[in-house]
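**Student:** Top to bottom, those sequences are chains A and B.
Counted from 1, the first sequence has number 143 at position 143 by this note's numbering; the numbering is strictly sequential.
Counted from 1, the second sequence has number 600 at position 330 by this note's numbering; the numbering is strictly sequential.
One should not assume that every hint holds.
Stated by the list, open to error - Computed list of chain A residues with no C-beta within reach of chain B, every gap over 12 Å:
no.	residue
1	A53
2	R56
3	L123
4	R189
What the hints assert, rightly or not - Okay, the calculated bits of chain B under chain A, using three or more residues with CB under 8 Å as the criterion:
no.	stretch
5	284-290
6	293-305
7	447-457
8	485-499
9	503-510
10	683-693
I should point out that these hints are in silico values taken from the structure, not numbers from a laboratory.
Values in this document were obtained by computation on a predicted structure and should not be read as measured data.
We put the beta carbon where it would ideally sit given N, CA and C, even for glycine.
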Amino acid sequence: MSDQGTLALEEETPKVEAKLIPVYIMGKKYEVPESLTIMKAMEYAGYKFIRGAGCRGGICGACGTVYRLPGDYHIRVGLACQTVVVPNMYLTQIPFFPANRAVYNWKDLKGEAEEVYKVYPELFRCLACNACSKVCPMDIPVMDYIAAIKRGDLEKAAEISFDCIQCGLCATRCMGELAQYHIAQMVRRIRGKFLTPPSEHCEKQVEAIKSGYYNQYLDELKALGALDPKAMDKVTAEIKKLKTLYNERQMEPDTAEDDWTPESDYALLK
Amino acid sequence: MAYPESLKRLIKKVEETRPERIKRKQANEEFPALSLEERTKVLNAFHPDVKEEGRREIAVGPNKGYRICHEMVNLLEARSRVNPEKVDLSKVDYEADVLVIGGGGAGTAAALLAQENGAKVIIATKLRHGDANTMMAEGGIQAATKGWKDSPYYHYLDVIGGGHFTNIPELVETLVTEAPDVIRWLLDLGCNFSKYPDGTLQTMHGGGTCRKRMHFAADITGAEMMRTVRDEARNRVEDITVIEFSPAVELILNDKGHCAGALLYNMETAEYIVVKAKAVVMATGGSGRLHIQNFMTTNHYGATADGIVMGYRAGVPICFLHTVQYHPTGVIFPEQAEGILITEKFRGAGANLVNIEGNQFVFEREPRDVEAACIIRQCVEVGKGVPTPTGKFGVWLDSPMLDQMFGKGYVKKEFPGKHILFSRFGIDIGEEPMLIYPTLHYQNGGLEFQKDGSTKLPGLYVAGEVGGGIHGENRLMGNSLLDIMVFGRISGRNAAQYALNNAQEGKLTLEHAVNYNKELDEAGIETDRIAPMLLPDYTLEHVKAKQLSVKYEGSLR
Chain A
1 MSDQGTLALE
11 EETPKVEAKL
21 IPVYIMGKKY
31 EVPESLTIMK
41 AMEYAGYKFI
51 RGAGCRGGIC
61 GACGTVYRLP
71 GDYHIRVGLA
81 CQTVVVPNMY
91 LTQIPFFPAN
101 RAVYNWKDLK
111 GEAEEVYKVY
121 PELFRCLACN
131 ACSKVCPMDI
141 PVMDYIAAIK
151 RGDLEKAAEI
161 SFDCIQCGLC
171 ATRCMGELAQ
181 YHIAQMVRRI
191 RGKFLTPPSE
201 HCEKQVEAIK
211 SGYYNQYLDE
221 LKALGALDPK
231 AMDKVTAEIK
241 KLKTLYNERQ
251 MEPDTAEDDW
261 TPESDYALLK
Chain B
271 MAYPESLKRL
281 IKKVEETRPE
291 RIKRKQANEE
301 FPALSLEERT
311 KVLNAFHPDV
321 KEEGRREIAV
331 GPNKGYRICH
341 EMVNLLEARS
351 RVNPEKVDLS
361 KVDYEADVLV
371 IGGGGAGTAA
381 ALLAQENGAK
391 VIIATKLRHG
401 DANTMMAEGG
411 IQAATKGWKD
421 SPYYHYLDVI
431 GGGHFTNIPE
441 LVETLVTEAP
451 DVIRWLLDLG
461 CNFSKYPDGT
471 LQTMHGGGTC
481 RKRMHFAADI
491 TGAEMMRTVR
501 DEARNRVEDI
511 TVIEFSPAVE
521 LILNDKGHCA
531 GALLYNMETA
541 EYIVVKAKAV
551 VMATGGSGRL
561 HIQNFMTTNH
571 YGATADGIVM
581 GYRAGVPICF
591 LHTVQYHPTG
601 VIFPEQAEGI
611 LITEKFRGAG
621 ANLVNIEGNQ
631 FVFEREPRDV
641 EAACIIRQCV
651 EVGKGVPTPT
661 GKFGVWLDSP
671 MLDQMFGKGY
681 VKKEFPGKHI
691 LFSRFGIDIG
701 EEPMLIYPTL
711 HYQNGGLEFQ
721 KDGSTKLPGL
731 YVAGEVGGGI
741 HGENRLMGNS
751 LLDIMVFGRI
761 SGRNAAQYAL
771 NNAQEGKLTL
781 EHAVNYNKEL
791 DEAGIETDRI
801 APMLLPDYTL
811 EHVKAKQLSV
821 KYEGSLR
C-alpha cells in the first residue's frame, strides 16, 4: 500500500489525461484542464496571484470573480477558489473596489439604527433593484438585509448578512452607491453587543480570575513543570502527578446539558 | 459534480451501520479512547513527523543542530531577498511607535491594544488585511467561562496533556487565565458568539477537552472574530495605518541592539520600503504553504513561515518546530476542495469517523495528532481506507448522522459555510458523508517568547501562530483562536509601553542579516535559495519553459 503521507497532491498539477477546455481570462483565451477551479486554472495558464487570492478556502473574499457564458447576457458570479471552470467561461476578478467605509466611534454607540443612518446616509438611496443579491457569491439576499436596516430591524439584518465575506461585489453593482457589506458589518457588531442579552457567567469568571481566586490552583499545576522534548523519558514524580491528574480528570459527557456539574468541585467557583 | 457511482455504493455501507452507531452515541457509548501509551505508539509509527528522511539539522543560527523538516531548514539556510548592504537605511519611508508585521487576528489585536496604550501603529500585511489563517478558522475558541463546571485549572490540564506535557507552563497559565477576558473583550467589540436565549454563551467540546468550553459563532468563528477586530482597527484610522501587499522581508535593528523596524517589499511596485519603529510585533502566522512532505494544506495563500526566518536571522531562537500539526479532517474529495478544513466541531457534535466498511475505528475526540495518526494507520496499515476516484484514500466523516440525531436541517444550520461549499459540488452533507484525510494545518512551534510577549531581541514581540511553546508539541482545537487574541493583546500592550518608555534610539542597521549571510558562507551552504518565501510557487513547468526573459527572485517574478 503506498504511503499516503507523501501522497498528497501534486496539488497544483492536474492529471495529464484531463480534458482541456477554453476559458477567457479578461478576454484572453487559454486552454485549461476542465476539473480545475478558476483560481487553479488561472495559475495553470501562467498567472501568479498577488491580488485576487487569499485564504483559497471560500471565506476571505479576496477572489470575487464575475463571468458570463457564451450567447448569454447574464452576469454570473463566484469565488475563484471555489468555482469550477466551464467551457468558454468569460471572466474577470474584481479584487478591489473603492467602496465607502465610514469611520465611526464604537465607544459612542448606544446600539440604535439611527446611528447607522447617520454614518451611512446613502443607505436610503437604495432603489430595491436587487442587483446586489444577484451578484453575491455567498447567495445572501443583500437587498433584504438592506431593507431590514432601513426599517430598523438590525437583528434581522445581522441574521441575513451573517455569511458575508466582504468581497465587495455587491457595492460594484449598486445603483445607489451603497457599500452594503460595510454597512452590514457595523450592524452586526451593534447586534452582537447591544441586541443580545449579556453573558453574565463570563463577567463573573473574569472577576474571579482578576481577584486571584484561581491562582493557587494554577500555581499547583505550574509547579509540576513540563517534559523537555529532548528528554521525553525523564519522567519526574511531578510529571507523573501531572499525568495522573490529566488521566483522572472527569470528562463532561457529549450529551450533557449546559447545567451539568462534575462530581468534584475542585478548583471551581463556589 | 456530486459523488460518482463508486462512492455512492460505498456510502450505502455507512448508511447501514448508522442506526446502530446513533444508538450507541445516544447512550454515551464512545469508541474506546487510547491510553497514553497507546497514543505514543500510534504517533511513533504513523505520524508524518517521525519520518527521518523528511528532516535534517539546521547548520547555522541560534538552534544550530536542531533537526526539523527540510522545507523549514531550506528557508533558514537561505539568503536575504535583497543584499542588506544595498539598502539605504537613512531614507526612512514610514515611522511609527509600533510596527505590527501581519494582518491576521493576532496582528490586528496587537494593533488595537497598542493604539489603546498610546502608540501610533502601522500594520504591514502581505495580502489584504484579514486574508489570514484566522479568517479560515471555524470551530471555536476555548475559554473557561462557565464557573459551575469549568475553570482555568481544567483548561490548563487539557492544554498541557494535549501538548504531550512539553508546553511551557507560564505560557499555558497566561493562555488559560486570560481566556475569559478575551471573550468578554470580543463581546464588547460586538462579536457575535452564539448564545442561548438567556445570554449564556453556547459552548461545545473539542478534541482533548474535558469540559465543553469552545465558544463559537456558527461555523465561522475565526471569520466573525477577524471581521470584528478588523472593523474596529479601521475605525481607528487616525492612529492605525494599514499597508497592504507589503510583506516584511527583514527586521531592522539599531546599533543599540534593539529591534527598530522592518524592511517591507511592495509586491505591486517591487520597491523596498524602510519602516522605522520603536517596537515591532511579529504576527506573521503559519507555514502550511510549505506543503511539508507534499501534504495538502488548510492554510491561506501567504502562510510561508516568514516570521520564523526574519526572527531567526535576528538571533531569536525557535522551539517545537520538530512537530507540525496535521488536521485530521481535510477534504480529500472532490478535488476542487482538497485540503479544506472540516472543523472538529462535527466530531464534537457527535459525528462518527468510519472506514470503508462503515465501522468506527477511533474515538472521535482524541487530540489532533493522535486522531490524524489513527486515520493514516487505518488507510496505510489496516487497509480499510475509502479509495477516491483520484487515486487517493480517505475515511468517511458521517455528517448525516447529526441530522438524524438532532433533526433535519441541523447540519445546514450549524455548519452553513461547509454546507454551501459542498452544495456547489452537488453534495448535501446533511444527506451524504464527507470524505476526509489529514491535511497540513498548524505550526505548533515557532519563535521563543515570554509570557509578556517579549523575545530575546529587545523591542521585538511575538503574537499568534508564529510563536512557539504555548501548545508544546500539539495544539488543541480552539486554542489557536485563543492564543492569537491573548498574546496579540499582551504583545500589543507591551510593545506600546516599550516603545513609549524603553525604546532606545540608534542608527538603523541590517548588520545581523549581513552576518547571517556570512554564517551561511562559513557553514559551506551553497545555495541560490532566498527567504522569506513570501508566496508559494504554483507556476507550472510548461509555463516556465516559455518564460524566456523573466527572472524569479525565489518564487516571485
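**Student:** Work down the list of hints and note, for each, if the structure agrees.
**Tutor:** The hints, checked one at a time:
Against the 12 Å criterion, A53 of chain A falls within the reach of chain B, whose nearest CB is about 5 Å from its own CB. With a least beta-carbon separation of about 6 Å from chain B, R56 of chain A fails to lie farther than 12 Å from that chain, contradicting its non-interface assignment. Non-interface call for L123 of chain A relative to chain B: holds, since the shortest CB-CB distance, roughly 17 Å, exceeds 12 Å. Separation of R189 of chain A from chain B is inadequate, the least Cβ-Cβ distance of about 3 Å not exceeding the 12 Å criterion.
Residues of the stretch 284-290 of chain B lying with their CB closer than 8 Å to a CB of chain A number 0, which falls below the three-residue condition for coverage. Only when three residues or more bring their CB closer than 8 Å to a CB of chain A does the claim for the stretch 293-305 of chain B stand; here the count is 4, and the claim holds. For the stretch 447-457 of chain B, the stated coverage by chain A holds: 6 residues have a C-beta nearer than 8 Å to a C-beta of that chain, and at least 3 were required. With 5 residues having a Cβ less than 8 Å from any Cβ of chain A, the stretch 485-499 of chain B passes the three-residue criterion, so the hint holds.
Here's how the stretch 503-510 of chain B fares: 3 of its residues keep a CB closer than 8 Å to some CB of chain A, so the rule of at least three is met and the hint holds. Counting residues of the stretch 683-693 of chain B whose C-beta lies closer than 8 Å to any C-beta of chain A gives 4; at least three are required, and the coverage claim holds.
Of the numbered hints listed earlier, those contradicted by the structure are 1, 2, 4, 5.
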